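If you're matching them up, the sequences are chains H and V in order.
Under the numbering used here, the first residue of the first sequence carries the number 10, and numbering increases by one thereafter.
Under the numbering used here, the first residue of the second sequence carries the number 73, and numbering increases by one thereafter.
In case anyone wonders, no lab produced these hints; they're calculated from the structure.
Everything numeric in this text was worked out from a predicted model, so none of it was measured.
Heads up, the beta-carbon is just placed ideally off N, CA and C, and yes, glycines get one too.
Any given hint could be a false lead.
Said to hold, decoys possible - Computed from the model, here is a short list of chain H residues facing chain V with C-beta under 8 angstroms:
id : residue
1  : Glu-20
2  : Leu-350
3  : Ala-367
4  : Pro-565
5  : Gly-639
6  : Leu-640
7  : Leu-681
8  : Lys-701
Said to hold, decoys possible - Not close to chain V: a few residues of chain H, all C-beta gaps over 12 angstroms, as computed:
id : residue
9  : Asn-345
10 : Lys-399
11 : Val-589
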Amino acid sequence: MSGSIQDTFFEECEELLEATDEGLSAIEGGDHDPEVVNAVFRAVHSIKGGAGAFGLNELVAFAHRFETVFDEVRANRMELTDPLVQLLLRSCDHLYNLVAVARDGGETDQEHHDMLIEALDKYIPEEEEDLTFEPMGLGGPMDIGAIDLPGIATEETYQIHFRPLKDMYSTGNEPIFLFQALKDMGTLEVTLDDSELPGFDAIDPEEVYLSWNLVLTTSEPRSSVEAVFEFVEGLCELSIDGDGDADADAAALAALEAAFGSAPAEAPPEAEPTVMVEETPAAPFEQPAPAPAPEAVPEVAGKQASAPKAETAKSEQRGPNPTLRVDLERADRLINAVGELIINHSMLAQQIANLDVADVRDVETELEGFKNLARDIQEGVMSIRAQPVKPLFQRMARIVREASSATDKSCKLVTEGENTEVDKTVIERLADPLTHILRNAVDHGVEKPEDRIAAGKDKVGEIRLSASHRSGSVCIEVRDDGAGVNRPRVKQIAIEKGLIPENAELTDSEIDNLLFLPGFSTAKEVSKLSGRGVGMDVVKNAVTGLGGRINISSNPGKGSTFTIILPLTLAVMDGMVVSVADQTMVVPITSIVETMRGNDDMINNLGADGTLLSIRGSFVPICDVAGALGLRKEDSDQPPGVYLLVETETGQRSALAVDDIHDQRQVVIKSLDGVCGEIAGVAAATILGDGKIAMILDPESILAASPAAAFDTERRMSNAS
Amino acid sequence: MQAETKNNDQEVKHAQFSEFVSFTVAGQAFCLKITQIREIRRWSPVTILPHAPSDVLGVMNLRGAVIPIYDLSARFGLQTTEASERNVVIVVSSAGKPVGLLAESVSEIISINPEEIQETPPVDSRNTMEYIQGIISHDDTMVRIINLDAVISVPEQVL
């Protein structure tokens with residue numbers, strides 16, 4: 010049980026860290042809205058609270074420092090200066106690390122840790138005592154007051170009206186404990202309001218009739234008073250009127266009341282609602298009820314879902330949309346089932362077409378409806394897996410920060426289109442290649458500050474990370490404004506490493522693409538950052554493994570751009586159904602530029618075996634697919650009739666010769682992993698309408714495997730030597 | 073008392089009997105343990121895998137899963153089978169992955185007392201030897217027990 014609660018905590022942590030990161034980035038961008046500051050504070054506070062419950066002392070101590078500094082900012086006692094924001098950002102990165110260490114084990118970078126703590130301590134006012142942290146028990150309201158800043162030590166009187174709702178009792182809360190906690194803070198007067206109590210015969214033992222008016226005089230800050238009621242938020246009607254700060258907090262209170270008022274109606278009791286209350290350090294995860302919890306809090310974290318869309322415009326702005334956390338496997342099962350449904354539909358359609366019935370129009374109309382519905386379901390299911398790239402981009406911002414400080418360069422990451430949605434698996438598997446590209450951009454792309462100034466550029470390098478949808482695929486671009494690819498050096502290194510012959514003649518784009526060759530690294534010495542023996546070829550493999558392509562273009566002195574084109578999803582794609590040597594195969598639409606039916610006039614021989622297809626005056630080499638796949642018998646003389654014009658990553662065009670084109674349709678991708686090893690020219694398989702399996706071709710690798718390509722490399726080599 | 077013990081002995085022995093499915097491949101009798109077999113299907117044309125070795129016939133759609141089909145005859149170093157409707161595909165499962173094996177025809181289910189299994193005598197036919205676990209005599213014919221793991225694991229290394 011504790012394991013699963015802990016898991017939930019770490020999941021929550023992830024979200025809270027993202028929220029922190031997002032808030033800090035907004036602050037960095039000049040948005041000093043108090044609500045943003047509060048959002049960050051709340052998130053860090055929640056991490057601390059949860060970590061405390063699990064006895065993660067290191068994390069608690071660090072989060073506490075972070076929070077303390079931020080509390081100063083929140084209370085407008087400290088200016089958000091640029092160095093401070095940078096420090097906070099780095100601290101946030103460190104929080105990520107600490108959470109990761111707490112979750113996965115491992116070592117904290119102690120030096121870095123101490124350095125940050127020291128830096129943070131400089132911002133912490135002197136009177137803040139160093140607290141020791143015990144794992145917080147689950148009993149009673151925790152002594153948040155002691156952790157929070159003492160604040161201004163003048164006595165204040167608070168008028169508190171407290172009316173529990175039915176749910177508060179049903180979750181095992183007991184007002185007397187709250188009153189006791191308040192009493193510990195100062196002098197407390199309690200008045201019971203039983204005016205709503207009906208006659209004895211009309212009384213419902215389960216109903217709530219009582220409320221209390223409390224007058225508290227205390228030197229504790231307002232937040233401590235509110236913290237007492239932390240666990241019963243949303244379970245009671247509460248108003249706290251301070252005599253001093255009443256005016257200042259009027260807006261906050263209105264929000265608070267509105268939120269409390271609406272909460273119970275919207276959220277089911279088992280999903281404990283968390284109301285975002287101004288100035289209240291709310292802990293929006295696992296709030297264990299002080300007394301025996303009525304029911305185990307369900308695994309699916311309802312917290313997020315239940316943050317009520319209160320009438321408070323501000324909190325609505327920051328509050329997340331209601332979400333449901335679902336096991337990924339369940340979504341995947343659904344996706345598979347929908348895939349089968351689509352296959353099933355095409356089978357059905359084919360069977361009906363084969364029927365020897367005079368009039369099948371009605372059936373076909375219905376079948377068309379069925380098809381549309383199936384598509385709808387499929388799109389819906391796919392969108393479950395689709396996620397915005399925002400968290401990924403946020404992580405990349407960290408990478409850039411870390412990389413910049415490790416290389417003593419100053420870079421900023423500008424992100425665009427972070428709401429672009431991409432399949433979850435794609436996002437996950439994109440993290441490593443993107444990290445690598447960005448580290449490279451900082452390490453090799455952006456120049457040292459002095460060089461930049463000499464080149465007349467801004468001292469701070471700009472790396473632009475953007476995502477966008479582009480006709481059925483996702484385009485991710487990393488653009489830096491650095492020096493660009495140092496082509497002579499790249500070429501020289503490639504020669505030194507024996508990757509290309511000494512006097513090879515390469516075009517600029519070919520030189521740029523040398524970076525993707527295995528074992529290529531331009532760093533003069535192995536730097537701390539990149540150059541660990543893993544080169545851009547790993548990036549390229551990762552991207553092609555996702556069915557995508559990567560390209561680099563560079564402009565000397567102006568910067569370089571990496572473009573990654575990825576399929577929207579890994580499960581379904583649009584393909585052209587063709588036949589090759591009596592076999593039905595599928596070619597991905599994305600790789601086809603144009604299709605055409607050829608005749609003899611268009612085919613030109615070049616040498617004994619080479620053939621070129623003339624298209625509007627230009628000549629394109631023909632690659633016979635059947636031959637490349639080893640399917641055509643030698644003696645077959647009949648020339649293929651249809652050509653698919655494809656373009657490779659390097660922009661080279663080729664014509665794939667196939668026998669015929671049958672159809673263009675959406676196919677469900679079935680991996681061949683575990684069925685057989687890697688097959689040159691084949692990316693995966695799919696099941697067609699007739700239940701047969703068809704190979705999904707990979708034009709890129711067909712061309713690479715063709716004899717012409719082998720000859721081309723050979724020729725270049727021999728030209729050089 | 074003594075009779076009872078004897079009876080028990082017999083029961084124990086009976087429980088040790090295991091059932092095998094026998095089938096023919098290129099005219100020879102082979103068998104597999106019945107628990108290794110998931111289903112037996114009639115042959116239907118498969119999709120050819122490009123660049124595949126001759127004993128890999130291709131892949132087949134088994135209720136939405138893509139499964140590879142091996143030609144047992146070719147695997148055993150016998151002649152390759154010209155598959156037709158009369159042939160069968162025996163679907164076996166290895167480490168949770170289904171694999172189809174093409175055989176000529178399925179004969180019957182036989183009960184075998186493990187004690188009757190004889191070790192494969194050494195013969196100069198390496199290809200076959202690797203895949204045979206043992207032999208038994210059934211109705212005066214020799215039935216070869218297939219070593220399923222060997223049959224299934226090898227092709228992936230070849231590919």
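Hints, one by one, checked against the model:
{"no.": "1", "hint": "Glu-20", "verdict": "violated (30 angstroms)"}
{"no.": "2", "hint": "Leu-350", "verdict": "violated (10 angstroms)"}
{"no.": "3", "hint": "Ala-367", "verdict": "violated (30 angstroms)"}
{"no.": "4", "hint": "Pro-565", "verdict": "violated (43 angstroms)"}
{"no.": "5", "hint": "Gly-639", "verdict": "holds (5 angstroms)"}
{"no.": "6", "hint": "Leu-640", "verdict": "holds (6 angstroms)"}
{"no.": "7", "hint": "Leu-681", "verdict": "holds (7 angstroms)"}
{"no.": "8", "hint": "Lys-701", "verdict": "holds (6 angstroms)"}
{"no.": "9", "hint": "Asn-345", "verdict": "violated (8 angstroms)"}
{"no.": "10", "hint": "Lys-399", "verdict": "holds (35 angstroms)"}
{"no.": "11", "hint": "Val-589", "verdict": "violated (9 angstroms)"}
Of the numbered hints stated above, those contradicted by the structure are hints 1, 2, 3, 4, 9, 11, listed in ascending order.
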